[in-house]
Amino acid sequence: MRFFQENFIVRVGDKRETVPLQLPKEKPVLSLSFRKNKNYAVWDDRGLTIRVGQVAKSTRLEAIATSPKAFDADELKQNVELIEKKQRTRGATALSGAKRVGNLVFFLARWDEKDGKPWLEALVSLDLTEDSYHPKFLARLSGLTLAEKPIDDRLFILNERMSAVVRKGEQWGLASFDPDASVFDFKEAGRKLESYDPLTSRYGVFVERTDYGSRIGGRIDLQNLNRKNLVEGKGTLRFTDTSDPLIALLSKGNDVRLLNTETGAELDLLSSVAMRRTALGLVVWSPFKAPKRAWLYGMERWTPLAEWVAE
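This note's numbering puts the first residue of the sequence shown at 1, with every later residue one more than the last.
One or more of the hints may lead you astray.
What the hints assert, rightly or not - Below, a list of computed lysine-lysine pairs in the DSBU-like style, where the Cα atoms sit at most 35 angstroms apart:
#1 Lys99 - Lys228
#2 Lys15 - Lys38
#3 Lys136 - Lys192
#4 Lys168 - Lys234
#5 Lys69 - Lys15
#6 Lys168 - Lys27
#7 Lys69 - Lys117
#8 Lys168 - Lys99
#9 Lys77 - Lys57
#10 Lys27 - Lys99
#11 Lys99 - Lys69
#12 Lys77 - Lys136
#13 Lys136 - Lys27
#14 Lys234 - Lys25
#15 Lys117 - Lys15
#16 Lys69 - Lys149
Think of the hints as simulated: they come from the structure by calculation, not from any bench.
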């Protein structure tokens with residue numbers, strides 16, 4: 001194992017892996033487009049732009065924020081007051097997700113408050129075979145997704161329904177659009193959700209807070225809402241990635257620990273570390289910005305396989 005031009009070079013037998021100190025920054029998605037012949041639907045900084053032939057029109061779906069189809073009378077009154085005070089936006093500011101099914105495109109639009117926190121998400125659809133500039137309002141989302149990016153990917157299809165993992169008050173769970181009733185059904189999966197990462201549209205991993213100061217990480221099957229708690233600890237908790245075996249990283253003060261959630265094997269680490277999974281094992285280095293030491297571990301039992309020390 002050696003360090004060369006900001007990369008760790010790891011060799012085990014005749015196998016070789018190159019591990020960069022820093023991964024390339026993820027490029028933000030600036031637009032998302034769908035097309036059918038001469039008709040286009042594009043979400044970008046203008047909002048939703050619909051082009052039929054040579055004529056294009058843009059909308060931020062402003063009518064939904066004060067629509068009686070989405071809110072009751074008390075909610076509408078509050079929305080109008082907060083919009084007039086510029087504490088809420090009338091137009092959608094972001095896209096939480098989009099899916100195409102045949103010629104139908106579904107957009108999950110998001111509205112933010114003045115502080116940048118979302119206050120509304122709603123599902124609209126557009127038929128690309130129709131020469132129409134008017135997307136159809138389907139339903140207000142029951143809760144709010146964890147979407148944060150201007151164009152995110154939190155909408156998915158499960159059981160042939162448009163679905164999303166949402167927070168609803170302290171609860172979290174699965175919101176699924178019922179086309180017959182034109183509403184989102186909500187099924188609770190847990191409480192105090194901190195993070196959710198999909199493994200597939202059906203399976204995912206979650207981290208949630210408990211009422212007694214710890215965090216729980218686990219895996220869930222959204223098809224039947226069966227969940228399996230894999231790890232619990234004080235301090236912060238996250239999964240290093242979404243590959244198998246799932247590796248949990250637990251941190252509290254200077255105590256940093258890795259846990260293989262399949263074997264139960266644990267590994268204590270230095271407080272200032274970075275790591276990257278490879279086909280040869282887990283590469284760990286410290287300090288994370290200017291490494292002085294690095295190790296390669298087998299992940300099943302955290303067996304040390306190689307070590308590098310700066311000269």
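Now the hints, each set against the structure:
{"no.": "1", "hint": "Lys99 - Lys228", "result": "29 angstroms, holds"}
{"no.": "2", "hint": "Lys15 - Lys38", "result": "51 angstroms, violated"}
{"no.": "3", "hint": "Lys136 - Lys192", "result": "33 angstroms, holds"}
{"no.": "4", "hint": "Lys168 - Lys234", "result": "24 angstroms, holds"}
{"no.": "5", "hint": "Lys69 - Lys15", "result": "60 angstroms, violated"}
{"no.": "6", "hint": "Lys168 - Lys27", "result": "30 angstroms, holds"}
{"no.": "7", "hint": "Lys69 - Lys117", "result": "23 angstroms, holds"}
{"no.": "8", "hint": "Lys168 - Lys99", "result": "23 angstroms, holds"}
{"no.": "9", "hint": "Lys77 - Lys57", "result": "29 angstroms, holds"}
{"no.": "10", "hint": "Lys27 - Lys99", "result": "21 angstroms, holds"}
{"no.": "11", "hint": "Lys99 - Lys69", "result": "23 angstroms, holds"}
{"no.": "12", "hint": "Lys77 - Lys136", "result": "23 angstroms, holds"}
{"no.": "13", "hint": "Lys136 - Lys27", "result": "31 angstroms, holds"}
{"no.": "14", "hint": "Lys234 - Lys25", "result": "30 angstroms, holds"}
{"no.": "15", "hint": "Lys117 - Lys15", "result": "47 angstroms, violated"}
{"no.": "16", "hint": "Lys69 - Lys149", "result": "27 angstroms, holds"}
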